[in-house]
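Each protein sequence line maps, in turn, to chains A and B. Residue numbering for the first sequence follows our numbering, beginning at 1 and increasing consecutively. Residue numbering for the second sequence follows our numbering, beginning at 1 and increasing consecutively.
Quick caveat, the hints were computed from the structure, so don't treat them as lab data. Backbone N, C-alpha and C define an ideal beta-carbon position, used for all residues, glycine too. Some hints could be false.
Sample of chain B residues at the chain A side, in silico, Cβ under 10 Å [to be verified]: (1) A30; (2) E40; (3) A42; (4) P44; (5) Y45; (6) R48; (7) T72; (8) D154; (9) E214; (10) I222; (11) R229; (12) R237; (13) A253; (14) N256; (15) A293.
Which chain A residues face chain B? A few, computed with CB under 7 Å, are given here [as the list claims (entries may be wrong)]: (16) G28; (17) A37; (18) A40; (19) D96.
Okay, here's what each chain looks like letter by letter:
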Amino acid sequence: MADAFTFELVSPERLLLSEQVTQVVVPGSDGYFTVMANHAATMSTLQPGVAKVTTAEGKQEDYVIFGGFIDVLPTSCTILAESAVAVSDVNKADLDARIEAAKADAAAATEGEDQAKANNYLAQLTTLNQQILPA
Amino acid sequence: MPSLKDLRNRISSVKATQKITKAMQMVAAAKLRRAQDAAEAARPYSQRMGSVLANIAATVSGEDAPKLMTGTGSDKTHLLIACTSERGLCGGFNSSIARFVRDDVRKLQAEGKEVKILCVGKKGYDILRREFAALIIDRIDLREVKNIGFANADAIGKRVMTMFAAGEFDVCTLYYSEFRSVINQVPTGLQLIPAAAPEVDETEAANAASAMYEYEPDASAILDDLIPRNISVQIFRALLENVAGEMGSKMSAMDNATRNAGEMIDKLTMSYNRQRQAQITKELIEIISGAEAL
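Go ahead and model the full structure; you've got the sequences and the hints to work with.
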């Protein structure tokens, strides 16, 4: 059995999860990656996606994360999510609302860089939507 | 001299008022507890954000640092964000923030700086408008918002960022009321842009320094993303503290009002009883002297 480490998932509103876990899969901005105990110190931005958490007791918990940061240390790991919801609590209306908001943002962005960023975010959200809630 | 009937009416009206203030006090107490919980729940995020920011800022310095951290190089135009409550009846809460802002505006103007004010909340706008109507660029209304969420703060943060990108100001300061306790709120000014490096205690800094980070995509890209978010977080925290402060202030103001109403009722009841007694005596005298005359 793999070593356990402290994992925390924090959104601006509250601390969602603070537990001993063995493994976390997170949607990094350069692709999904897995964090286990004694991982090299890393800091990465996250894109919208699903974080899969395996607790020390072997339970699997999934959270949908809408962008944020991950701060990995050999002994601990913290996700600072812009917003996060447990997968079981995700509903279609909420996701649709976020997609609409992202569309509006993308349309409003004028500068090339901002626009690219907004479009990227939108694309991520759309994929995510199809993944979790296959129509 | 008011008649008995007048006194009776006044007593009942003061009693009704007392009931209202009492109810408001209880509502404020309940809301205060909620606001405190919300502020507490939001604390881990801003703490972590602070430490992450501190150790990433230590690695990115000099030329690479984004403008939001180093500033534009001048400090001619100041943007003041004044956060106040949407509703009144909360003692000196709003006026103390407004006074604090006013003093700073005067000071900046005396130094020959250009000042712009962004009001969050109706009450501060009402007060500041009297003197600085020309300086107020906009007012953000949170009246419809029941529970302040991160989205509200983020909207304000985004707006500030756009203004900064457009070069509309050089220095941005956030004004809110720091919640110390139910009876003690301190108006505070916090500089948002250029971002003051967050304070970290020594041991934590040492820990962070010993860890060599790998950055993905790279340090400055993360910092570019992190700082705007940090600004939204600061605004969010300010708004939450403000709500807690407002409710605390309202609670003690309403407690005072209830007590005052109680005193007034006592006084009025006293004079009502005296007058009733006087009237009874007068009627008795009339009856007796009438009987004697027969």
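A quick look at each hint next to the structure:
no., hint, verdict
1, A30, "19 Å, violated"
2, E40, "9 Å, holds"
3, A42, "6 Å, holds"
4, P44, "5 Å, holds"
5, Y45, "5 Å, holds"
6, R48, "6 Å, holds"
7, T72, "18 Å, violated"
8, D154, "8 Å, holds"
9, E214, "5 Å, holds"
10, I222, "6 Å, holds"
11, R229, "7 Å, holds"
12, R237, "9 Å, holds"
13, A253, "28 Å, violated"
14, N256, "33 Å, violated"
15, A293, "85 Å, violated"
16, G28, "6 Å, holds"
17, A37, "15 Å, violated"
18, A40, "6 Å, holds"
19, D96, "16 Å, violated"
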